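Q: Now for the letters of each chain:
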Amino acid sequence: MIMAIVKKELLQLRRDPRLMALIIVMPLLLMVLFAVALKLEPNNVKMAYLDADRSFFSDMIKTGLWSDGYFQMYSVESRNAIIEEIRSGRAKAGLYIGNNFSAQLIENEQPHITLYVDGTMPSLTTAMKYNSSAATDKDVTNDMYFLDEDAPNTVIAENPFVMDTDVLFNPDEKETWFFLPGVIGVLIMQVALILTGITIVREREQHTLEQLFVTPISKFSFIIGKLLPYVVITLIDFYVILGVGWFVFDLPQPSSHLLLFALAFIYVAVMISLGLLISLVSQTQQQAMFVAIFIIVPSILLSGFIFPIEAIPAAVRVVSYLLPFTYFVEIIRGLLIKQTLLVDLLYAYGALLGFVVVFVSASVMKFKQHL
Amino acid sequence: MIHAKQLVKSFKGVRRVDEVSLTIEKGQIFGLLGPNAAGKTTVIRMLCGIMDTDSGEVEINGSSVEKAKHDFGYVAQHFGQYGELSVWENLKFYAEMYGVKDEAHLEALLERYQLGPYKNSAAGALSGGYKRRLALVCALAHDPQVLFLDEPTAGIDPVTRKLLWDDFYALSAEGKTLFVTTHYMEEAARCHQLAFIAEGKMIAEGTPKSIKSALGDVNVFTFKQSYSPKVTEVIQAVAGVQLTNQFGDDLHIVATKEVSKSLLEEKISMVQGIDVELRETEPDLEDVFIALTQGGHS
Numbered sequence: 016m017i018m019a020i021v022k023k024e025l026l027q028l029r030r031d032p033r034l035m036a037l038i039i040v041m042p043l044l045l046m047v048l049f050a051v052a053l054k055l056e057p058n059n060v061k062m063a064y065l066d067a068d069r070s071f072f073s074d075m076i077k078t079g080l081w082s083d084g085y086f087q088m089y090s091v092e093s094r095n096a097i098i099e100e101i102r103s104g105r106a107k108a109g110l111y112i113g114n115n116f117s118a119q120l121i122e123n124e125q126p127h128i129t130l131y132v133d134g135t136m137p138s139l140t141t142a143m144k145y146n147s148s149a150a151t152d153k154d155v156t157n158d159m160y161f162l163d164e165d166a167p168n169t170v171i172a173e174n175p176f177v178m179d180t181d182v183l184f185n186p187d188e189k190e191t192w193f194f195l196p197g198v199i200g201v202l203i204m205q206v207a208l209i210l211t212g213i214t215i216v217r218e219r220e221q222h223t224l225e226q227l228f229v230t231p232i233s234k235f236s237f238i239i240g241k242l243l244p245y246v247v248i249t250l251i252d253f254y255v256i257l258g259v260g261w262f263v264f265d266l267p268q269p270s271s272h273l274l275l276f277a278l279a280f281i282y283v284a285v286m287i288s289l290g291l292l293i294s295l296v297s298q299t300q301q302q303a304m305f306v307a308i309f310i311i312v313p314s315i316l317l318s319g320f321i322f323p324i325e326a327i328p329a330a331v332r333v334v335s336y337l338l339p340f341t342y343f344v345e346i347i348r349g350l351l352i353k354q355t356l357l358v359d360l361l362y363a364y365g366a367l368l369g370f371v372v373v374f375v376s377a378s379v380m381k382f383k384q385h386l
Numbered sequence: 003m004i005h006a007k008q009l010v011k012s013f014k015g016v017r018r019v020d021e022v023s024l025t026i027e028k029g030q031i032f033g034l035l036g037p038n039a040a041g042k043t044t045v046i047r048m049l050c051g052i053m054d055t056d057s058g059e060v061e062i063n064g065s066s067v068e069k070a071k072h073d074f075g076y077v078a079q080h081f082g083q084y085g086e087l088s089v090w091e092n093l094k095f096y097a098e099m100y101g102v103k104d105e106a107h108l109e110a111l112l113e114r115y116q117l118g119p120y121k122n123s124a125a126g127a128l129s130g131g132y133k134r135r136l137a138l139v140c141a142l143a144h145d146p147q148v149l150f151l152d153e154p155t156a157g158i159d160p161v162t163r164k165l166l167w168d169d170f171y172a173l174s175a176e177g178k179t180l181f182v183t184t185h186y187m188e189e190a191a192r193c194h195q196l197a198f199i200a201e202g203k204m205i206a207e208g209t210p211k212s213i214k215s216a217l218g219d220v221n222v223f224t225f226k227q228s229y230s231p232k233v234t235e236v237i238q239a240v241a242g243v244q245l246t247n248q249f250g251d252d253l254h255i256v257a258t259k260e261v262s263k264s265l266l267e268e269k270i271s272m273v274q275g276i277d278v279e280l281r282e283t284e285p286d287l288e289d290v291f292i293a294l295t296q297g298g299h300s
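Those sequence lines, one after another, are chains W and Z.
For what it's worth, my numbering labels the leading residue of the first sequence as 16, then goes sequentially.
For what it's worth, my numbering labels the leading residue of the second sequence as 3, then goes sequentially.
Check before you lean on any hint, since a few could be wrong.
[Said to hold, decoys possible] Here are a few chain W residues that face chain Z, going by a calculated C-beta distance under 10 Å:
no.	residue
1	223
2	224
3	225
4	228
5	230
6	231
7	232
[What the hints assert, rightly or not] According to the in silico footprint, chain W covers these stretches of chain Z (three or more CB under 8 Å from chain W):
no.	segment
8	47-56
9	63-75
10	81-94
[Claimed, not checked] Derived DSS-like pairs (lysine-lysine); straight-line CA-CA distance at most 30 Å:
no.	chain 1	residue 1	chain 2	residue 2
11	W	241	Z	259
12	W	234	Z	7
13	Z	7	W	381
14	Z	14	W	234
15	Z	259	Z	214
16	W	23	Z	14
Source of the hints: derived by calculation from the structure; they are not laboratory data.
Predicted model only: the values in this text are computed from it and were never measured.
Just so it is clear, CB atoms sit at the ideal spot from N, CA and C, and this is done for glycine as well.
Could you build the full structure based on these sequences and the hints that come with them?
A: Okay, structure coming up:
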């Protein structure tokens with residue numbers, strides 16, 4: 016008798032080819048994607064540098080860092096610009112070598128250089144610090160010891176120069192500062208996708224949609240009316256979760272509350288409209304749930320929320336940039352942790368708005384050919 | 003008034019509704035009769051504007067469906083109200099969709115359909131008969147002139163069914179036009195106008211009386227006979243017999259005029275071993291229906 020039930024369940028599953036595809040193809044796809052994409056150790060971490068010394072010796076330090084392949088270096092105009100590059104997200108690390116570096120080196124005065132690292136992602140910070148040791152490697156420093164014939168008693172330091180490390184934005188490298196802003200986005204994504212993902216397909220399954228279509232309401236008004244409550248609920252949810260972050264886990268205040276609200280609103284709009292689209296393309300609530308989950312999982316893993324985006328191979332990074340959550344993570348970390356300027360976040364805001372436009376248009380098109 | 007011209011609808015390349023045209027006058031109860039999957043629901047959905055037509059035109063009270071939405075109501079085949087909401091909340095919701103605010107009118111509707119005591123019950127918890135009444139009440143909230151009912155009495159007990167039909171007559175007497183799909187013969191007989199649909203095509207239309215003539219020049223005989231495959235087989239073997247149809251203890255035989263009563267009596271007597279006497283009778287709607295849908299009629 017049990018076997019009869021088992022057989023019936025299998026038969027029912029087989030009659031829903033879309034669900035079968037979701038159950039079998041999606042996990043395979045994600046498995047391969049993650050296997051290729053997920054590395055904790057990135058390559059080509061962007062480093063902005065200013066070498067004011069421009070000497071043979073300062074070149075040796077840069078070459079030491081460069082040749083390792085971990086950092087990809089580019090030059091900026093001022094010491095301040097290094098910090099701004101990191102704040103904007105264009106660079107994750109920075110290097111400053113002062114203009115009297117070689118002069119001090121020759122005088123055995125043990126000059127200091129500064130390594131800047133972005134502290135928002137503590138695991139990456141640790142990795143960057145570790146990899147920066149290439150700058151102080153024996154290969155680099157071997158030729159930096161100077162014996163002064165006139166002053167034979169001069170003490171020669173063990174290290175010819177000192178590299179100071181300056182951890183920016185999250186100086187204490189708090190893991191909660193790194194995770195919590197992203198967690199807010201994940202939770203909102205779950206709430207919004209699952210609430211709205213089933214909303215239309217449920218009306219269809221329960222035959223209420225058919226009854227509604229006879230009434231004079233336009234499809235547009237119907238959609239707005241269906242979504243409005245969820246937009247409000249999800250927005251409230253956003254601030255409740257964020258409030259817990261602020262009051263319980265000591266998250267920093269944003270650089271601008273207005274920009275934060277704009278982010279909350281646009282992000283909620285993205286997720287609600289994506290949920291709507293899922294609801295329209297799905298034939299059953301079950302399918303809708305699966306689609307939602309298969310969007311949430313890669314969002315968590317490929318967005319830079321946990322693993323640095325820099326570590327993802329370029330080909331797969333395309334997927335990262337197709338996920339709205341990637342831009343959310345970028346913006347919320349910028350606003351809460353790095354005090355990033357709006358100019359540097361505009362593209363991410365623009366991307367999120369673009370998603371709203373695409374999802375809403377697709378939904379309208381899909382809804383027109385309905386029933 | 004409902005007017006449809008040459009409605010066509012295909013699914014996956016198969017024509018499910020094939021050039022169906024209808025005209026239904028004000029105050030009439032019109033029955034669309036057909037076997038399952040004949041295209042009844044597709045027709046009613048196109049008439050209500052739920053489903054687009056591939057081609058053809060629909061007019062309700064002289065306007066397009068989109069413009070006539072305040073003029074008609076629709077009761078779908080499946081329960082389409084919100085189970086979590088109460089009877090009253092469902093009714094209020096549909097009333098608001100049409101901008102109806104007159105609560106006294108809504109209360110009166112509940113009373114008329116004996117839903118008063120269930121006003122605050124969850125709609126999902128109602129029995130089948132009361133669910134159907136609620137659906138009807140929701141469709142009547144805006145007092146439409148035209149009412150579409152897709153198999154309104156399917157799966158409903160005979161008492162409720164009679165009650166609903168009494169009400170349909172009352173609505174019709176109030177001047178409302180009713181469009182009903184059904185596959186119950188006794189219901190079809192209650193309609194003012196009837197149309198038969200099979201495989202998407204209209205095969206007959208008219209009053210229940212006139213439709214019986216669609217069988218053409220035939221005789222219908224009946225006699226007391228409990229079901230016997232042997233008897234049926236013998237009769238069907240007679241050239242000119244179009245149809246046999248068992249009604250409880252009565253067997254109907256539809257045959258062309260050339261088939262004589264005595265020939266049939268003789269054949270049956272041979273099988274049964276006793277003398278049998280056939281009575282000539284009027285064709286039943288079901289005889290017509292089965293004959294037409296089986297293509298037995300030439």
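Q: Find the hints from earlier in the document that the structure breaks and name them by number, from lowest to highest.
A: Violated: hint 11 alone.
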